[in-house]
Each structure stands twice: as C-alpha cells, then as structure tokens.
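Q: Which chain is which? The protein sequence lines are S and E, in order. Take 0 as the starting number for the first sequence in numbering that gives the first Met the number 0 and just add one per residue. Take 0 as the starting number for the second sequence in numbering that gives the first Met the number 0 and just add one per residue.
I should point out that these hints are in silico values taken from the structure, not numbers from a laboratory. Some hints here could point you the wrong way.
For chains that are exact copies, the list does not tell them apart, and a pair is met inside one copy or across any two.
Each computed DMTMM-like pair below joins lysine to aspartate or glutamate, with the alpha-carbon atoms no more than 25 Å apart [stated by the list, open to error]: (1) Lys168 / Glu376; (2) Lys343 / Glu152; (3) Lys325 / Glu198; (4) Lys335 / Asp314; (5) Lys335 / Asp222; (6) Lys231 / Glu198; (7) Lys168 / Asp141; (8) Lys387 / Glu132; (9) Lys310 / Glu266; (10) Lys339 / Glu218; (11) Lys164 / Glu132; (12) Lys168 / Glu263; (13) Lys387 / Glu198; (14) Lys343 / Asp314; (15) Lys390 / Asp301; (16) Lys6 / Asp141; (17) Lys390 / Asp32; (18) Lys3 / Glu338; (19) Lys6 / Glu263; (20) Lys4 / Glu263; (21) Lys4 / Asp264.
Predicted model only: the values in this text are computed from it and were never measured.
These are the residues of each chain, in order.
Number of protein chains: 2
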Amino acid sequence: MIAKKMKPYLENNSAIRAMFEEGKRLASIYGADHVYDFSLGNPNVPAPAGIREAIISILEEEDPVFVHGYMSNAGFPHVRKAIADNLNERFGTSFTDQNLIMTVGAGSGLNVCLKTLLDPGDEVVVFAPYFLEYGSYIRNYDGVLVQVDPDTETFQLNLEDFEKKLSPKTKAVIINNPHNPTGVVFSEETIRRLASILESRQQEYGHAIYLISDEPYRELAFDGAFVPFVTKYYDNTMVVYSYSKSLSLPGERIGYVVIPDEVEDSEQTIAAATIANRISGCVNAPSLIQLAVAKCVDAQVDLGFYDRNRKTLYDGLTSLGFTCVKPEGAFYLWMKSPEKDEKKFVEAAKKYNILVVPGSSFACPGYVRLAYCVAYETIVNSLPEFEKLAKEYF
Amino acid sequence: MIAKKMKPYLENNSAIRAMFEEGKRLASIYGADHVYDFSLGNPNVPAPAGIREAIISILEEEDPVFVHGYMSNAGFPHVRKAIADNLNERFGTSFTDQNLIMTVGAGSGLNVCLKTLLDPGDEVVVFAPYFLEYGSYIRNYDGVLVQVDPDTETFQLNLEDFEKKLSPKTKAVIINNPHNPTGVVFSEETIRRLASILESRQQEYGHAIYLISDEPYRELAFDGAFVPFVTKYYDNTMVVYSYSKSLSLPGERIGYVVIPDEVEDSEQTIAAATIANRISGCVNAPSLIQLAVAKCVDAQVDLGFYDRNRKTLYDGLTSLGFTCVKPEGAFYLWMKSPEKDEKKFVEAAKKYNILVVPGSSFACPGYVRLAYCVAYETIVNSLPEFEKLAKEYF
Numbered sequence: 000m001i002a003k004k005m006k007p008y009l010e011n012n013s014a015i016r017a018m019f020e021e022g023k024r025l026a027s028i029y030g031a032d033h034v035y036d037f038s039l040g041n042p043n044v045p046a047p048a049g050i051r052e053a054i055i056s057i058l059e060e061e062d063p064v065f066v067h068g069y070m071s072n073a074g075f076p077h078v079r080k081a082i083a084d085n086l087n088e089r090f091g092t093s094f095t096d097q098n099l100i101m102t103v104g105a106g107s108g109l110n111v112c113l114k115t116l117l118d119p120g121d122e123v124v125v126f127a128p129y130f131l132e133y134g135s136y137i138r139n140y141d142g143v144l145v146q147v148d149p150d151t152e153t154f155q156l157n158l159e160d161f162e163k164k165l166s167p168k169t170k171a172v173i174i175n176n177p178h179n180p181t182g183v184v185f186s187e188e189t190i191r192r193l194a195s196i197l198e199s200r201q202q203e204y205g206h207a208i209y210l211i212s213d214e215p216y217r218e219l220a221f222d223g224a225f226v227p228f229v230t231k232y233y234d235n236t237m238v239v240y241s242y243s244k245s246l247s248l249p250g251e252r253i254g255y256v257v258i259p260d261e262v263e264d265s266e267q268t269i270a271a272a273t274i275a276n277r278i279s280g281c282v283n284a285p286s287l288i289q290l291a292v293a294k295c296v297d298a299q300v301d302l303g304f305y306d307r308n309r310k311t312l313y314d315g316l317t318s319l320g321f322t323c324v325k326p327e328g329a330f331y332l333w334m335k336s337p338e339k340d341e342k343k344f345v346e347a348a349k350k351y352n353i354l355v356v357p358g359s360s361f362a363c364p365g366y367v368r369l370a371y372c373v374a375y376e377t378i379v380n381s382l383p384e385f386e387k388l389a390k391e392y393f
Numbered sequence: 000m001i002a003k004k005m006k007p008y009l010e011n012n013s014a015i016r017a018m019f020e021e022g023k024r025l026a027s028i029y030g031a032d033h034v035y036d037f038s039l040g041n042p043n044v045p046a047p048a049g050i051r052e053a054i055i056s057i058l059e060e061e062d063p064v065f066v067h068g069y070m071s072n073a074g075f076p077h078v079r080k081a082i083a084d085n086l087n088e089r090f091g092t093s094f095t096d097q098n099l100i101m102t103v104g105a106g107s108g109l110n111v112c113l114k115t116l117l118d119p120g121d122e123v124v125v126f127a128p129y130f131l132e133y134g135s136y137i138r139n140y141d142g143v144l145v146q147v148d149p150d151t152e153t154f155q156l157n158l159e160d161f162e163k164k165l166s167p168k169t170k171a172v173i174i175n176n177p178h179n180p181t182g183v184v185f186s187e188e189t190i191r192r193l194a195s196i197l198e199s200r201q202q203e204y205g206h207a208i209y210l211i212s213d214e215p216y217r218e219l220a221f222d223g224a225f226v227p228f229v230t231k232y233y234d235n236t237m238v239v240y241s242y243s244k245s246l247s248l249p250g251e252r253i254g255y256v257v258i259p260d261e262v263e264d265s266e267q268t269i270a271a272a273t274i275a276n277r278i279s280g281c282v283n284a285p286s287l288i289q290l291a292v293a294k295c296v297d298a299q300v301d302l303g304f305y306d307r308n309r310k311t312l313y314d315g316l317t318s319l320g321f322t323c324v325k326p327e328g329a330f331y332l333w334m335k336s337p338e339k340d341e342k343k344f345v346e347a348a349k350k351y352n353i354l355v356v357p358g359s360s361f362a363c364p365g366y367v368r369l370a371y372c373v374a375y376e377t378i379v380n381s382l383p384e385f386e387k388l389a390k391e392y393f
C-alpha cells in the first residue's frame with residue numbers, strides 16, 4: 000500500500016543503476032579486467048590528498064561538538080564565505096556567505112531550488128538529452144516537465160525549439176554545463192542567446208523565469224574550453240554545484256546553491272531556499288565534509304587522467320568508424336548508435352562485455368553514453384572489443 | 000515569486016531557531032557564561048573518541064574511491080549488515096541488510112517513510128506535544144496532520160483521544176520514544192495498547208496503518224527505563240533512527256530507516272523507500288560517516304553527563320516550586336508554566352537570561368521545554384536565576 004505516485008518509479012527503476020548491477024554480475028563471471036563498464040558516472044580518480052589531510056587536521060584540532068554539531072541550516076558561515084570568496088576571485092562575482100546555501104549534493108540542491116519555486120502545474124523546461132532524474136525532481140513538487148528537442152548537429156542548446164516550448168506557465172529552466180550526457184560545453188554565445196530569450200519572455204509574461212544552472216562538472220573542461228558562469232549573463236539564475244566530480248566525493252553528498260542578490264526578491268528567495276533545505280529533512284549539509292571542502296577551495300582532481308581517457312577513447316572509437324561528439328567537458332562521450340534502435344546496439348555491445356547507457360535513458364534515442372571516468376586500462380583494453388563490435392556494423 | 004506553499008514557512012520561521020539566534024545575541028552582550036540557553040537540542044557532549052579513530056583509520060587504510068564513492072542508494076551493504084546484526088543482538092529481531100536504508104539523519108528518514116506512503120489527503124496521526132517539523136514533513140506530500148490531545152497527567156500517549164482521531168483515511172501514525180519535548184519514555188503497556196488499537200482499526204478499515212517510530216533518543220534512557228523496540232509489538236512498523244544524539248553527530252546527518260519483513264508488501268515498500276531516498280535528491284546517506292558509524296555500533300556518548308544534568312535541573316526546579324515531568328529519557332525537561340500563557344513566562348525568563356522554548360512550539364501551550372544537553376555549569380549557574388524567576392510567581 001505504497002503511495003500511488005511511487006508506483007511508476009518501481010516499474011521504471013533507474014536503467015543506469017540496473018546496468019551498474021549488470022556490470023557487477025559480468026565482472027563476477029569474467030573477472031573485472033574483462034568487463035568494460037562505461038555505464039556509471041562514479042569517478043575513478045581519487046579525491047585530492049588535501050581532502051584526507053583536511054579531514055584529519057579538523058578532527059585533530061577542532062572541538063568535536065563544533066565539527067559534528069548543528070550549524071545554521073544554510074551551512075557554516077565561514078564555509079560559505081570561503082566558497083563565495085573563491086567564486087568571486089575566479090569569476091569576478093560579488094557573492095557573500097548569504098548568497099550560498101550548502102546542500103546534500105547537487106541532487107538536493109536542485110530539489111531545494113524547485114521546492115522554493117514550484118507551485119503545482121508550473122512548467123520547467125529542460126533540454127534533451129538530459130539526466131532523467133530532473134523529471135523525478137520536478138514531479139516531487141507537482142511541476143510539469145517540458146522537453147526541448149535536441150540539436151543533433153552540435154548538441155548545443157536548441158534555442159529555436161526552446162522558444163516554442165516557453166509559455167506563460169514557465170517558472171524555471173534547467174541547464175547543465177558542462178553537459179551530461181554529451182560532454183558538450185555550452186558556449187558563451189549560446190548562453191547569451193538563452194539569456195536574451197529569457198529576458199524578453201519575462202517582459203512578455205510579466206513574471207520571473209528562473210534559470211537553474213546545474214554545474215557539477217564546472218571544473219572538468221578540456222582544451223581550455225571556456226565555461227560561462229551563468230549568473231553574469233542572466234539575473235534570475237541559481238547555480239547548483241556539487242563536489243562529487245571536481246573532488247571525487249560523490250558519496251559524501253556535498254554541494255551548494257548560489258542565489259545571487261540579482262535574483263528577484265533575493266532575500267525572500269534565499270530564506271525560502273534555506274527553509275526548503277531544512278524541511279526536506281536534510282536540515283543541513285553534512286558538517287565535517289563542509290569544513291573539509293572549505294579548506295580545499297583550490298583543490299582539484301587530476302584532470303590529466305580524464306583528459307588522457309577522453310582522447311584515447313575518442314580517437315579509438317572514431318578511427319573504428321563510430322560517430323562521436325568530441326567531448327569538451329565532464330567525463331562522458333556521446334556516440335551515435337550505428338543502428339536506429341540504440342537499445343539493440345547496447346545489447347550487441349554486451350556480447351563483448353562492453354556496457355554503455357542507451358540515449359533513451361536521457362530522452363534522446365539513437366545515441367549512447369560512455370562514462371570514461373574509469374581506469375585507463377579499461378579504455379585501452381576495450382578498444383579491441385569495440386573493434387569486434389564495429390565489424391558488425393561497418 | 001517563490002512557491003505559494005513556501006510562504007507560510009517564511010511567516011512562521013522556526014521559533015526554536017529564532018531563540019537560538021537570541022541566545023547568541025544575549026551571549027554577545029552579557030557573555031556566554033551569563034546566558035542560560037536551554038533552547039536547542041544540540042548535544043554538548045562530544046562524540047565518542049571511537050568516531051574520530053574510526054574516521055582516521057578509514058581514511059588511512061581504505062581506497063578513497065571507495066570511501067567517498069557512490070554505493071547502493073540504500074547505503075553500503077556491510078554497514079547495513081553491521082547495524083542489523085547489532086539490533087538483532089540487542090532486541091532479538093531478525094533483520095538483514097535488506098531491511099535497512101541509510102538516510103541523511105532522522106529528518107530525511109521520516110521524509111523517506113512519508114514519501115513512500117502518502118497520497119494527497121492521507122491522514123497522519125501525531126500525539127501532542129510533538130516536534131512541529133512533523134507537520135512540514137507531512138505537508139511535503141500533501142498529507143493531513145491529525146493531532147491527538149496530550150494526556151497532561153502522565154504525558155504518555157493519550158489513547159482515548161487517539162481512538163477518536165483514527166479514521167478510514169489514516170495511513171500512518173508517528174510516535175517518538177523517548178520523547179521530545181517531554182522526556183517521557185512510553186511504557187511497554189502503552190505500546191501494547193497502541194498496537195492493539197491499530198490492529199483492530201486495520202481490520203475495521205481493511206487496509207494497513209503504518210506506525211512510524213522516530214527514535215533518535217533510543218539510547219538516552221535513565222534509571223534503567225525500558226524503551227520498547229516497536230517492531231516487536233506491531234507488524235506495520237517502520238523505525239526511524241539517527242546518530243545525532245546517541246553519538247553526538249547531529250550536523251553529520253546520518254541515520255537509518257528499518258522496514259521489517261513483517262511490514263505489508265515489505266519488498267515493494269523497501270524498494271519504494273530506497274527510491275524515495277534517491278529521488279528526494281539525497282541519493283544516499285553520506286559515505287564516510289556511514290563507514291564510521293558501522294565501526295562504532297557499540298559506542299555511546301557519556302550518558303552520565305546527561306544524567307547529572309537531568310537530576311540537578313529537575314531537583315533544582317522542583318525545589319523552587321516549579322512543576323516538572325520527571326524526565327526518563329532524551330535530554331529534555333518539560334515544565335508547567337506558572338502562568339497560563341507560557342509565552343509570557345518565556346519572556347519573563349529572558350529577563351534573567353534564561354532561554355526556554357514555549358510549549359506552543361510543540362502544539363502544547365501552558366508548558367515549556369528545557370533542553371539540558373548543555374554544560375553542567377550552565378545548569379548550576381542558572382538555578383539562582385530560576386530562583387529569582389520563581390519569586391515572581393510563588
């Protein structure tokens with residue numbers, strides 16, 4: 000007698016997770032070295048040593064009542080200040096601790112934003128392909144997800160279709176940059192055009208449209224790709240961040256939301272978001288790891304590791320004849336399925352112990368996602384298997 | 000332009016938190032030594048040393064990719080097994096790892112249960128006095144809170160009124176044992192009678208009624224008080240636990256939900272709760288602290304500290320003429336206000352730099368709550384001030 004709302008979730012339990020289980024099953028049969036599991040965005044690069052050092056020094060030097068205790072629901076003020084200062088230095092913004100709310104990762108940060116903003120029936124526009132969990136988050140508040148078709152030429156934002164999908168009911172728009180699942184980085188030109196469309200629609204509809212920028216991959220950009228900091232282009236922006244990828248801490252659930260002063264009724268919005276963080280049951284982001292990331296604002300995982308994987312995989316697959324979007328950010332490679340029904344291609348790949356995620360798991364059939372946050376050897380050893388797979392098609 | 004649902008929260012932002020700010024303000028004027036702040040349940044006893052040792056050994060011995068990485072949304076299997084084994088040993092239950100879901104504290108655990116169970120309009124019965132946040136949690140899923148009147152003789156559960164408040168719409172009942180704010184421990188007799196009423200109503204209505212037992216204070220019981228483990232008395236029980244109090248880790252947000260096999264459709268319910276944990280945005284409970292608590296299943300904060308506070312405060316206040324419920328558990332003392340409007344009494348106490356929480360913050364006017372999880376000196380030094388306060392009334 001579970002809630003009716005929960006039943007569809009049981010029926011469609013996350014395909015990505017199911018694949019993760021499949022990876023473990025295959026590994027138990029063939030040995031982990033002979034399974035090429037590109038299905039899950041679980042970073043393979045260890046957290047920077049600074050994180051361990053920071054945690055140990057906090058435990059050794061600080062009062063445990065402080066370290067593990069309650070703080071303001073928005074997080075420790077000095078932690079928020081350290082992060083705000085770092086953002087200001089890097090992006091020329093002028094945030095204070097008051098503009099930041101520490102959250103239980105980006106998943107919780109997105110929920111904080113949506114709970115703060117959505118009345119039932121409000122529309123939230125997302126761009127395909129997208130992380131399907133956005134749909135769960137929007138449904139949590141009885142919002143309505145409106146999907147923009149992909150631009151399959153560039154996989155930049157399809158702003159032509161976006162203009163058609165906006166309506167007076169649009170309350171928020173979610174973007175994700177650098178992008179999961181395509182590895183694309185949305186250009187400054189794209190963000191400027193997006194902002195300009197939103198400005199004019201705000202005028203037309205007479206109410207705010209909030210741009211929620213989900214940025215867990217912000218620091219994972221290659222070849223000097225420029226990742227625009229969105230608050231500088233559009234006032235009603237909320238930035239959602241996570242340390243899951245940049246510091247390889249996905250299990251720790253630590254991130255933040257930035258609500259700049261430029262946001263409409265910012266003081267009320269920040270207060271409501273802080274309450275949303277509390278009443279969602281999270282209360283506050285975990286304390287020890289808050290203190291640790293504040294000591295590591297300049298730390299970063301080894302980008303060179305991902306970059307090598309990226310190049311080796313992209314070069315390897317394209318030379319075998321596969322059509323891939325060249326990844327500029329995050330740690331995903333987006334590949335066109337050589338047959339129309341990419342689920343069949345996913346099954347074909349499994350014969351070679353290659354696990355990839357079908358594009359329909361991101362509302363974009365005909366493509367597959369490869370998460371290359373794996374050991375380099377996995378990439379190198381997978382290529383002969385991909386070669387066998389390619390021979391079935393080309 | 001925040002959500003309409005969020006507006007009432009802005010107007011009634013937590014009175015307890017406001018008091019916490021007041022405490023800091025008074026401390027800045029009079030010095031912390033001269034402010035007697037009994038307002039917040041933030042433990043003053045440090046976490047057991049075992050926690051620090053466990054965290055450091057995990058960081059030194061384990062692979063950081065494992066320590067900080069994703070795991071099953073329900074938590075690390077070995078962590079759940081360690082806790083299940085410990086519960087089985089202590090309570091004669093027979094849980095496996097599959098019956099446990101690690102959560103972001105009890106707040107999140109309660110939300111996981113309610114999200115799993117509630118359809119809009121479903122009723123959830125709570126017993127006054129109660130933690131008002133239950134109301135926020137129930138509203139998160141458009142449930143309807145139904146309040147049982149307090150039994151102001153004993154502050155055990157008022158089962159006469161409870162029987163009147165049950166209806167065919169009742170989906171769940173929340174209890175909290177040992178009890179915030181009264182410090183009462185519900186007796187085995189009370190739990191047996193509660194279970195028997197629920198059994199007969201399930202029969203009558205032809206559907207399950209879930210008992211959600213919120214137990215963050217389970218280990219905080221004094222004078223050998225027996226705290227019944229509720230799954231043994233009623234099949235459709237979910238236990239929500241947190242290490243916030245037992246290990247003084249409130250800021251870390253670590254706890255769990257137990258869903259026994261005896262719960263109706265337990266497999267489906269466990270699966271739905273695991274999904275609820277994920278889609279709420281939490282994804283999973285924080286990883287490092289999961290690993291740490293599993294190494295400390297037998298650890299406990301210094302109960303003697305709270306016990307001394309409890310006795311000193313209770314004896315001191317009753318000898319001054321105040322009427323108090325003798326606390327048997329948790330770290331709260333529940334006192335009858337000497338004047339009908341306890342908010343006036345709270346204001347009168349502030350003149351002596353004494354901060355207590357009005358009972359109306361727990362839906363039970365005419366009483367006040369004192370959280371005695373403070374330094375012993377605070378208690379000792381407050382008593383002369385309470386004496387001055389008492390002279391205004393007796």
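Q: The structure should be examined with respect to each hint, and the outcome stated for every one.
A: Hint check:
In this assembly of identical chains, Lys168 and Glu376 lie within 25 Å of each other by CA distance neither inside one copy nor across copies; the values are 49 Å within and 58 Å between. Taking the shortest alpha-carbon separations for Lys343 and Glu152, only the intra-copy value of 23 Å comes in at or below 25 Å, while the best inter-copy value is 69 Å. When the C-alpha separation of Lys325 and Glu198 is checked against a cutoff of 25 Å, the pair qualifies neither within a copy, at 31 Å, nor between copies, at 62 Å. Proximity of Lys335 to Asp314 under the C-alpha cut-off of 25 Å is restricted to the intra-copy arrangement: shortest distance 15 Å within a copy versus 75 Å between copies.
When the C-alpha separation of Lys335 and Asp222 is checked against a cutoff of 25 Å, the pair qualifies only within one copy, where the shortest distance is 23 Å, while the shortest distance between copies is 69 Å. Proximity of Lys231 and Glu198 under a CA criterion of 25 Å is satisfied intra-copy only: 13 Å inside one chain copy versus 60 Å between copies. In this assembly of identical chains, the alpha carbons of Lys168 and Asp141 lie at most 25 Å apart whether taken from the same copy (13 Å) or from different copies (22 Å). Taking identical chains as interchangeable, the C-alpha atoms of Lys387 and Glu132 are never at most 25 Å apart, the minima being 33 Å within one chain and 58 Å between chains.
Taking the shortest alpha-carbon separations for Lys310 and Glu266, neither the intra-copy value of 45 Å nor the inter-copy value of 44 Å comes in at or below 25 Å. Taking the closest pair of Cα atoms, Lys339 and Glu218 never come within 25 Å of each other, the shortest separation being 34 Å inside a single copy and 59 Å across copies. For a Cα distance limit of 25 Å, the shortest separation of Lys164 from Glu132 inside one copy, 20 Å, qualifies, whereas the shortest one across copies, 38 Å, does not. For the homomeric pair Lys168 and Glu263, the shortest alpha-carbon distance inside one copy (17 Å) is at most 25 Å, but the shortest distance between copies (41 Å) is not.
Taking CA atoms no more than 25 Å apart as the test, Lys387 paired with Glu198 passes in neither setting, with 51 Å inside one copy and 62 Å between copies. Taking the closest pair of Cα atoms, Lys343 and Asp314 come within 25 Å of each other only inside a single copy of the chain (24 Å); across copies the shortest separation is 75 Å, beyond that limit. When the C-alpha separation of Lys390 and Asp301 is checked against a cutoff of 25 Å, the pair qualifies neither within a copy, at 35 Å, nor between copies, at 67 Å. For a Cα distance limit of 25 Å, the shortest separation of Lys6 from Asp141 qualifies both inside one copy, at 16 Å, and across copies, at 17 Å.
Taking the shortest Cα distances, Lys390 and Asp32 sit within 25 Å of each other inside one copy (23 Å), while across copies they are farther apart (78 Å). When the C-alpha separation of Lys3 and Glu338 is checked against a cutoff of 25 Å, the pair qualifies neither within a copy, at 37 Å, nor between copies, at 48 Å. For a Cα distance limit of 25 Å, the shortest separation of Lys6 from Glu263 across copies, 15 Å, qualifies, whereas the shortest one inside one copy, 37 Å, does not. In this assembly of identical chains, the alpha carbons of Lys4 and Glu263 lie at most 25 Å apart only when taken from different copies (18 Å versus 32 Å within one copy).
Taking the shortest Cα distances, Lys4 and Asp264 sit within 25 Å of each other only across copies (16 Å), while inside one copy they are farther apart (33 Å).
In terms of the numbered hints stated before, the structure departs from hints 1, 3, 8, 9, 10, 13, 15, 18, listed from lowest to highest.
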